[in-house]
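Chains A and B, in that order, give the protein sequences.
For the first sequence, counting from 1, position 91 maps to 91 in my numbering; every step adds exactly one.
For the second sequence, counting from 1, position 8 maps to 8 in my numbering; every step adds exactly one.
Note that these hints are calculated values from the structure, not bench results.
Computed from a predicted model, the values in this text were never measured in an experiment.
A few of these clues could be false.
[As the list claims (entries may be wrong)] EDC-like, lysine to aspartate or glutamate: derived pairs with alpha carbons at most 20 Å apart:
id : chain 1 : residue 1 : chain 2 : residue 2
1  : A       : K31       : B       : E206
2  : A       : K467      : B       : E41
3  : A       : K467      : B       : E206
4  : A       : K26       : B       : D71
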Amino acid sequence: MQVQSMHFKARSGQKLADLRLQANLKKLSSKWVAGRQAAIAELDDFEATRDDAVQRRDRGLADLDLWLERFEQEATRRGTVVLWAETPAEASKLVVAIAKQHQVRKVTKSKSMVSEEMALNRALEAAGIQPVETDLGEYILQINNNEPPSHIVAPVLHKDKDEVSDLFAKVHQKPRLSEVNQMTREAREVLRPHFLSSDMGVSGGNFLIAETGSVALFTNEGNEGMCTIMPRVHVAVTGIEKLLPTLEDLATIARLLPRSATGQSISNYFSILTGTRAEGESDGPEHHYVILVDGGRSGLLGGDFESMLRCIRCGACMNHCPVYQKVGGHAYGWVYPGPMGSVLTPAYVGLEKTLDLPQAATLCGECHVVCPMKIPLPDLLRKLRERQFDRGLRPYSERIGLAAWGFVARRPLLYRWLTRAASTALRWIAGAKPQLRSMPGAGAWTEHRDLLVPTGKPFSAQWAARKSTRS
Amino acid sequence: METIADPVKLSQARPRVGFFYTCLVDMMRPEIGFASVRLLEDAGCQVDVPIAQTCCGQPGYNAGDQRVARDLALQWLQLFEAFDYVVVPSGSCAGMIRQHYPDLFRNDPDLRIRMQNLSERTWELSSFLVEVCGMQKPPGHFPAEITYHDACSGLRELGVQHQPRLLLRSMPGLELKEMQDSRACCGFGGTFAVKYGAISASIADEKIAQIEQTGASCVVMGDLGCMLHLEGRLRRCGDTRIRVMHVAEVLAAQDRPAPEGM
């Protein structure tokens, strides 16, 4: 997917002005935040489960190379072909090559964010193969001129029912519907012939299980099974970091993922897909492929950002982020939005293309509080800021300002004198007013809020004066 | 109500407290400094104020400049190391010291230990009054309906949440009316407020709507950065009714609050 993160500021401005989007984003705080809260309360000991899950995830990552080899052995033993892709583009080429090899004309897709990294639909179309998104949200986006998802779990979070009604009426060429169940029925009627005529299914993979060579998937709509089991060929594409050593690890993490993501105790569907259809089995694909995508992930191993690889893509960080709640996912300009995206995007596509992302956070810390994998997202964002600073990637004005502030703050006498002068000047300019609507040099502050005026001489000056009269 | 009995408490009859008033309180609202000193003295502390202090360094630290943050941390260490405790009327600056100072010196074991030692004796004001001094009832008088905003760093880095409420609720005539989500960020975020002013202001508007819903005449919090941002936004939006006050000002208030519509 093309990187648009350099337009964060302009895009976020548009998103703030979009009243419909603002209303749609309210679902986050009213529905998703409360849903997670209720769901984690069901666990006897959420914190202990979390600690356990973090340990299990770290165990897999610590020897990722060995576990991946184990996965490859176990999967291969069961008839799966395991392929490796260094870049998302390479992974796309592999999918296209597999499709051509099996004379595939139509691909039904279950939701996958890695396939967004790969821009897979575009690659398939370019090769003359028809991709059909079958997750309802992804389907809505695909028929809306291939709009990108705005949320990693709820891709059409930014839209309301009326927008979807209009879109369905236009694209399906049928009378406009207003009830959600009528609309989903209509989508199913459109999708059913595609399921029946699909030659190949493509899915993501929430987790890879090393000990059995399986791919685990958490979904809610039932479309996944029709993509992974019905067609002759199933291809799962996923990142190498999704590896879990054992099924028991999966059991622990399964207690956290749906709860943190959608506030469900368990997702409606939960599949563990292992190998091809064996003799005597009634379902499963004849050909099974797993494509393991690096796409920058191995670069995080062993470094400051390794903890980011624990991410299980639940979306809790964005659901709880005050900035995401205001600008939505599209403002972030690539596949992954919100706090996790502001760490992953610079890591995967380059810091220089994503200058705003580590900065566009209040560092309120709520993402760290809710992350089931305890990823210290605010610390990681700060580390990215350090790299920007060290590489001189920040604007000149900001660097000069920071240097000037640092010069003064290191010199207590000068600092005290300047504080006193600034306080006096502000009080003189304001006269009797308690706040100013504008102030030369403080435009970035006063554009959106008044500048309060100091209520008196600096504390340090008053304290020193009192002390000298006391003694 | 929680009762206070913990062995880490006052190790001496009158501990020497170094007051780190913070750069914003110094320049913008000196009365918060005096209110804090009054509370500390009332709690039995011997308060000293080294006026060679400047800033905790958080603006530089969060902008990615570790060097300036280290220099300012060292400056702070030299000024405050001799005190029994350091008290700060800001969860944000206290959080910087307690959570981040030691890590700034991870490659220098001696300094790291000294920093760790002093940062563990450094407290946000309201939690110091409750957890160390065992204060149950503050000296002030503030008969009004207020709501309390949990500023982010104090809440999430230091666990400041029940301490200010315990003190506020003990004040006769004061009614604490909780807003729907007091732990949501106000949108200040330090330099975020100027780098992404429009987003920052729209986050503030959500907070303001919640404050207004409570009907309280005053919103109280423990961080001046958030106060300047929220009050500035309130006034910009035409509100002159809601007062924005620091928890120290309320706990030490000597007069009746100004009438509504001041």
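I'd like to know which numbered hints this structure contradicts. Please list them from smallest to largest. 3, 4
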